[in-house]
Each structure stands twice: as C-alpha cells, then as structure tokens.
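Line by line, the protein sequences are chains E and X. Just so we're aligned, residue 92 is where the first sequence starts under my numbering, counting upward by one. Just so we're aligned, residue 92 is where the second sequence starts under my numbering, counting upward by one.
Some hints here could point you the wrong way.
Straight line, CA to CA, 20 Å or less: simulated DMTMM-like cross-link-like pairs of lysine to aspartate or glutamate [to be verified]:
| id | chain 1 | residue 1 | chain 2 | residue 2 |
| --- | --- | --- | --- | --- |
| 1 | X | K278 | E | D138 |
| 2 | X | K286 | X | D239 |
| 3 | X | K373 | E | E456 |
Label pairs and their in silico Cβ distance ranges [to be verified]:
| id | chain 1 | residue 1 | chain 2 | residue 2 | range |
| --- | --- | --- | --- | --- | --- |
| 4 | E | V375 | X | K373 | 21 to 31 Å |
| 5 | X | R324 | E | D225 | 46 to 56 Å |
| 6 | X | A130 | E | D319 | 13 to 23 Å |
| 7 | X | D138 | E | K278 | 26 to 36 Å |
| 8 | E | T237 | X | K465 | 47 to 57 Å |
| 9 | E | D239 | X | S320 | 53 to 63 Å |
| 10 | E | E460 | X | D138 | 35 to 45 Å |
These aren't lab readings, by the way, just hints derived from the structure by calculation. Glycine included, each C-beta is placed from N, C-alpha and C at the ideal position.
2 protein chains.
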Amino acid sequence: MIRMKKLALALTLTLLPVLGGHAAELRGTGDLGLVVERAAGSVQIVDTTHRTSLGRVQGLGDLSHASLVYSPDERYAYVFGRDGALTKIDLLEARIVKRIEQAHNSVGGAISQDGRWIATSNYEPGGVRVFSADTLDKVADIPSVTADGKASKVVGLVDAPGQRFVFSLFEAGEIWVADLHDPKSPKLQKFKAGKEPYDALISPEGRYYIAGLFGEEGVALLDLWNLDSGIKRVLPEHAKDDPKFPVFKMPHLEGRALIGDYWFLPAVGRHEMLVIDRRDWKVVKKIPLDGQPVFVIPRPDERQVWINFALPDNNKLEIIDTRDLSVVKRLNPGQAVLHMEFTPKGDEVWVSVRDDDRVMVYDTETFAELARIKADKPSGIFFTARAHRLGL
Amino acid sequence: MIRMKKLALALTLTLLPVLGGHAAELRGTGDLGLVVERAAGSVQIVDTTHRTSLGRVQGLGDLSHASLVYSPDERYAYVFGRDGALTKIDLLEARIVKRIEQAHNSVGGAISQDGRWIATSNYEPGGVRVFSADTLDKVADIPSVTADGKASKVVGLVDAPGQRFVFSLFEAGEIWVADLHDPKSPKLQKFKAGKEPYDALISPEGRYYIAGLFGEEGVALLDLWNLDSGIKRVLPEHAKDDPKFPVFKMPHLEGRALIGDYWFLPAVGRHEMLVIDRRDWKVVKKIPLDGQPVFVIPRPDERQVWINFALPDNNKLEIIDTRDLSVVKRLNPGQAVLHMEFTPKGDEVWVSVRDDDRVMVYDTETFAELARIKADKPSGIFFTARAHRLGL
C-alpha cells in the first residue's frame with residue numbers, strides 16, 4: 092500500500108489497471124460502483140449488472156469515514172479521505188488520475204450541480220476548499236472563521252441547486268450557503284443554526300437542508316427556497332414533554348428518508364425509529380427496533396426503509412414497510428453491517444459486512460441472498476447513479 | 092436511409108461508427124443522450140457535458156412519436172418506432188446492435204425494473220410483447236384481447252416496481268398489471284378503468300398509475316400499493332359544475348409533474364394549466380397560459396415547470412415558478428418546439444425545435460442560451476440518466 096500522508100504537492104499517480112489484467116474495455120458506466128475498503132486504503136470497483144468485482148484501486152490513505160462523489164459522466168470518482176486527501180479515480184481504467192493532500196483532517200465533500208467543482212469540508216484546519224473537477228487545481232478557499240476570529244470544523248457539506256454548496260460550522264453553530272456562480276469568489280450567506288450542528292442532509296429535490304444538533308435538542312431546518320425566513324428550529328411536540336427524549340441525536344443523516352409527508356428518523360440511544368410528519372413535525376409513530384439505529388435508508392420506490400444498528404446489534408438489518416409502518420423483515424448479514432446501497436430502481440440492495448470481509452447482495456422483494464462479493468473490511472458502498480442525484 | 096419496413100426477421104446490422112471517423116473511445120456514459128430525428132429515421136448521439144454531437148445512427152425507420160429507454164449501464168438504447176420496429180443501439184460505438192420488426196404499429200415501450208426485459212405496446216395487432224434486453228429474443232406475448240374476444244390498442248405502458256409492467260387498453264377501457272417475475276408467463280391483473288384510456292403516467296416513486304380518459308371526464312388512478320382497492324376515478328370538483336370543462340384531456344402525460352402535494356396538469360383545449368392537490372383532487376389554481384399546453388415538465392429540483400404548446404403557439408415556452416404558481420419567463424426557441432429534457436440535476440434544459448432543425452440548450456436559472464446543436468427535424472430528446480429512474 093502506498094502511503095501518501097506526507098505528500099504536500101499534487102501528484103499524478105498512474106497505477107496499473109487491474110481489470111482482470113487486460114486493458115480497460117469499452118463499457119457503460121451506469122452500473123458501476125465503488126466499495127470502500129477502509130483498513131486497506133483501497134476501493135473495489137463493482138459491476139452491479141453481473142454482481143461482480145472488476146478491480147481495485149489502492150493507495151488512498153486513511154479511508155475511515157471516507158465518502159465519495161461521481162462526475163456527471165459516471166466515469167470518475169472523487170474520494171474524500173479522513174486524512175484530508177482528495178483522490179480522483181478513473182473507474183474504467185481502475186487507476187488514480189490525481190491525488191492531492193488538501194487538508195489534514197477531512198470529513199467528506201460534494202460536487203457542484205454542474206459537475207465542474209469539487210468542495211471538501213475540513214476539520215483541520217477547518218473550512219471548505221473548492222477544486223476543479225477536471226484538474227483538482229484549487230479555485231477557492233472558504234475559511235470557517237466567524238466574526239469572533241474563531242475557526243470551526245465544517246460538517247454536513249452538500250451540493251444544492253443554483254450552483255450552491257451548503258454546510259455547517261460545528262463550534263460556531265452556523266449554517267452557511269455558498270453561491271459558486273463565480274467559483275473563485277464564492278458569495279456567502281450565514282445563518283445561526285443552534286448549538287453544535289454535527290451532520291446534515293438535504294432533501295432529494297434540494298430544497299430543505301436539515302442539520303442535527305449535538306449541543307441541544309431539535310434540528311435546524313433551512314428552506315433554500317426562502318432564505319429570507321432564516322433557520323427554523325424544529326422539535327417534535329413529544330420531545331417538549333420529555334426533556335430526556337433524544338429525538339434528534341441522529342448519528343448519520345445521509346439516508347434522506349423523506350417519503351411522502353413523513354421523515355423516517357433514527358432515535359439515537361433508543362431502540363426506536365421515529366416517523367414524523369413534515370408538515371407539523373409531530374411524531375406520527377414510534378417504531379420499536381431491535382437495536383440503536385444508525386442508517387435509515389429508503390428503497391428508491393419508497394415502499395421500504397432499511398435500518399442498520401450500532402453495537403452490539405450491528406449484525407442485523409430491519410426492514411420497515413412504509414405503508415403500514417411496521418417491521419416486515421429481519422436479516423442477519425454478518426458481523427459489523429456498516430452500510431447499504433440500493434440499485435437505482437430498488438430491486439437489489441448491497442450491504443457491507445466489515446468483519447466478515449464481504450458485501451452481500453439481497454433481492455429487496457424476496458429478501459433472498461443473490462450474491463456475496465469478497466471485500467477487505469468494506470465500509471461505504473457508492474453506485475454511480477448518485478451522479479444524477481442532487482445532494483449525493 | 093435504409094428502409095426496414097419489409098424486414099420480417101431479426102437482423103443484426105452493423106453500421107460504421109460515426110464518432111468523428113475514429114474508433115469508439117473509452118468514455119463514461121452517464122452524460123450521453125439521444126435526439127430523435129423523426130423525418131430522417133435517425134438518432135443523434137449527444138454529449139451533455141460538452142454540449143456537442145458525437146454522431147448519428149441511421150436506418151431506424153418511422154420515428155414519428157418514437158420513444159426509447161436505456162439499459163442500466165447506460166450504454167444501450169432501445170428505440171420504439173411507430174412502424175413496430177424495436178432497435179437496440181450501442182451509444183459507444185454509434186451503431187445498431189440489433190433490429191427487429193416486432194409489430195406493425197407501435198407506440199412505445201418500457202424496460203423492466205431489473206433491466207433484463209423490454210416490453211413494447213402495440214396498436215396493430217395490439218398487445219404487449221416482451222423481449223430479452225440482451226438478445227431481443229421474444230420471451231412473452233400478452234394479447235390485449237378481452238373476454239368479449241375483441242382486441243384493443245395498448246397505450247401508456249410503463250415499468251413499475253416489483254418487476255411489473257402496467258398498461259392501458261384503449262377500446263376495452265381497462266388497465267392491466269403484468270407481473271414479470273416469470274417473464275415467460277406473465278401474471279395479469281385487470282381493472283376496469285373507464286372509457287378509452289389514451290395515455291398514462293406513473294409517479295416518480297412508482298406507486299400511482301394515472302390514465303387519461305378520452306371517452307369521458309376524469310382520470311383513472313390505480314394505487315399499485317393497494318391493488319385490492321381497484322381503480323379510483325378522479326374528477327376535480329370544479330369539473331363537476333362545468334360539464335364542458337376539459338380538465339383531463341391531457342395530450343401527453345409523460346411529464347410526471349407531481350411536485351410536493353401538487354399535480355401540474357395541462358388543460359387541453361384551454362390556455363391554462365391546472366394545479367391540483369393530490370390529497371383531495373381539488374383545483375388549487377388555474378394558471379393562464381399563452382397557448383394550449385402540450386408537455387408540462389418539472390425541473391428536477393421542482394422549483395420550475397416548463398411548458399410547450401400546440402399550434403399555433405408551438406414556437407414558445409413558458410416557465411412557471413412552483414413556489415408562487417406564476418409565470419416567471421417566456422421564451423421563443425423557434426418554430427415547432429416539440430420536446431424538452433433536463434440535465435439530471437436541472438441546471439440545463441435541452442429543447443428540440445423541429446422546423447428550425449436545431450436543439451437549443453438553456454441555462455434554467457438565467458434562461459440564457461448556452462448552445463445550439465444542428466439536428467434534422469428533431470423531436471424527442473432522451474438523456475441516459477433515465478436509466479436510473481422508475482417509469483422512464
């Protein structure tokens with residue numbers, strides 16, 4: 092494994108393609124995906140049509156909590172490493188196109204609506220940096236320093252319609268909207284969000300940005316169609332009567348489980364999922380679960396929500412029917428179920444099972460196991476169809 | 092132009108790739124699209140990243156009202172010709188992979204949720220036929236013959252979750268749901284829909300199938316999550332008081348303009364668009380327009396709806412802001428504006444202008460013209476991102 096921690100300059104690395112040992116072949120890219128192998132610092136390229144592995148790209152550094160986005164043509168991935176590295180990968184040639192150390196500690200990134208700019212959100216030294224998707228040349232630096240001169244960690248960075256990026260400042264408790272029409276000088280709008288926003292999501296159409304708050308109850312909701320009305324603090328009525336009710340301590344908000352009028356949200360620290368009406372933020376139902384939920388991810392047709400769990404229940408999955416809001420199935424994929432990714436039309440789901448070194452593929456209708464793919468301590472799974480979705 | 096009308100057998104035609112004269116190159120397929128050139132019987136391959144034409148595939152026969160779908164890997168297109176031909180095209184090599192005459196008169200088709208089956212809906216001899224997406228070998232024939240022994244034209248064919256196809260029988264006034272889990276023997280469920288269903292759509296998540304009725308007022312709504320409850324006939328209260336109110340004579344239903352709680356529907360024969368609350372089917376607003384609307388298509392971020400018009404106003408476009416339900420912009424792309432297709436994240440829209448032999452590309456935020464691409468009497472525009480969406 093190539094370690095890149097000390098690398099200060101942008102490099103162009105060309106690893107040998109590993110597509111079965113022969114040259115890259117002409118093929119479509121709409122059915123490809125990447126599986127993050129966190130311990131090895133590699134990603135595995137998968138083919139969802141044939142449920143097979145096509146190759147591996149190594150030398151990506153520290154991939155704990157790594158995430159990635161895709162170029163609009165679904166050929167390239169941009170991998171955001173925890174060590175602050177940004178790596179551009181060519182899926183067709185199974186190689187690193189370019190790799191830069193853009194910060195010391197990073198937690199993700201986003202690609203602009205038009206596919207031309209990559210933004211990274213950084214813990215250390217903080218701030219958002221913007222790079223050309225083509226060359227990875229830096230085009231803008233947005234320090235997350237507030238009027239009091241203090242720097243904040245940046246979290247919950249997403250792309251939004253209108254060539255914007257939206258992100259949260261943990262220490263400052265603010266949400267910033269950056270307009271990238273002129274990428275070299277982003278225009279910023281800043282909002283007081285609440286105490287310690289720690290993660291965020293954007294609704295599928297790109298209108299609502301919701302940040303979870305670590306330092307207090309509730310979530311901060313920003314309507315990007317009505318920025319003038321500012322942040323709305325949302326707290327279900329239930330929580331008002333029960334100060335210990337940890338409604339919105341969501342460990343991960345990426346699931347974007349907004350289905351019809353209902354948000355499906357994990358209640359952290361409880362063995363429950365909450366169903367909340369988006370119109371009045373009242374709790375419609377509390378669904379008992381077999382563990383503390385981590386990811387709550389809707390099947391693309393919205394008929395099911397799949398849930399994985401924190402320790403000691405991280406060997407399980409539960410599936411909720413969104414019509415009658417009940418658990419319809421329990422699965423036991425194996426030790427340390429870390430992530431789930433649905434095929435774009437929802438007929439299959441791919442599940443990473445870290446400690447058993449495999450990815451499991453399930454039929455989402457029959458729950459039958461369709462395939463197992465070997466992977467080295469797999470964590471995140473990302474299919475190229477994300478290229479066509481706002482906020483992913 | 093190669094005419095294929097008399098061709099009875101499946102043929103494999105290999106036309107020369109026309110990608111600038113050189114061999115097909117390694118590239119992603121997520122940013123490709125096809126523009127139907129109806130008079131010439133060809134399709135033009137376009138690159139949405141660079142807003143350029145990559146080549147042309149000829150010999151597709153009668154392409155009036157032609158439509159197409161994409162394979163999950165976004166490499167292949169299946170073109171449904173009006174003359175009953177089904178043609179599989181390789182976008183990377185710009186060639187016909189295979190072409191069959193599967194009926195005498197056809198109006199479209201669909202690809203199954205898992206990408207393995209292609210279904211065609213036929214006027215003459217009627218019925219739905221199912222083919223292998225790989226080989227175009229026929230695997231099933233579903234005659235649209237009702238209990239009285241009469242055949243019907245099939246319209247409004249879409250794919251639905253659960254490996255299903257849904258379609259309507261014009262003469263019989265029925266909606267059929269075909270379960271393709273065993274593709275060689277589809278299981279059918281049949282519903283009385285109303286008089287002369289002539290077109291249909293499915294909501295983006297794949298739950299609601301809505302057929303427009305030619306022979307009577309109202310639309311037929313089928314909830315695919317609750318088939319036992321059967322067809323619901325929907326008629327806005329407004330229409331009940333005004334028998335001449337032609338609410339639901341929609342010329343085309345493909346736009347799927349369901350945004351939040353509102354359906355945006357063209358009122359045929361009137362210069363109006365209707366905004367209807369999906370919860371009670373009441374008319375929220377009638378928006379006056381400059382002509383008789385044809386297509387009503389939402390921008391992917393749902394903030395705008397774009398509308399084109401029937402003669403004599405088919406040189407115009409109007410854009411509605413979905414927040415305040417008002418017209419925010421009028422454009423005049425040219426003579427005979429036939430179709431619009433948004434880039435997946437909605438920053439651009441491509442518009443076919445038949446009689447001016449061009450496709451216009453607009454920035455959907457500034458409404459600035461970004462490019463013009465020459466095309467021979469262009470009609471439908473289809474981007475590969477459709478491969479990842481249910482019902483498209």
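Quick rundown of the hints versus the structure:
1. K278(X) - D138(E): It is violated: about 30 Å lies between the C-alpha atoms, which goes past 20 Å.
2. K286(X) - D239(X): holds, 16 Å
3. K373(X) - E456(E): Cα-Cα ~35 Å, so violated.
4. V375(E) - K373(X): 21 to 31 Å: About 24 Å separates the Cβ atoms of V375(E) and K373(X), which means 21 to 31 Å holds.
5. R324(X) - D225(E): 46 to 56 Å: holds, 54 Å
6. A130(X) - D319(E): 13 to 23 Å: violated, 50 Å
7. D138(X) - K278(E): 26 to 36 Å: holds, 30 Å
8. T237(E) - K465(X): 47 to 57 Å: Hint holds: Cβ distance 52 Å, inside 47 to 57 Å.
9. D239(E) - S320(X): 53 to 63 Å: With a Cβ separation near 59 Å, D239(E) and S320(X) satisfy 53 to 63 Å, so the hint holds.
10. E460(E) - D138(X): 35 to 45 Å: Given range 35 to 45 Å: holds, Cβ gap about 39 Å.
Hints 1, 3, 6, counting from the list given before, are not met by this structure.
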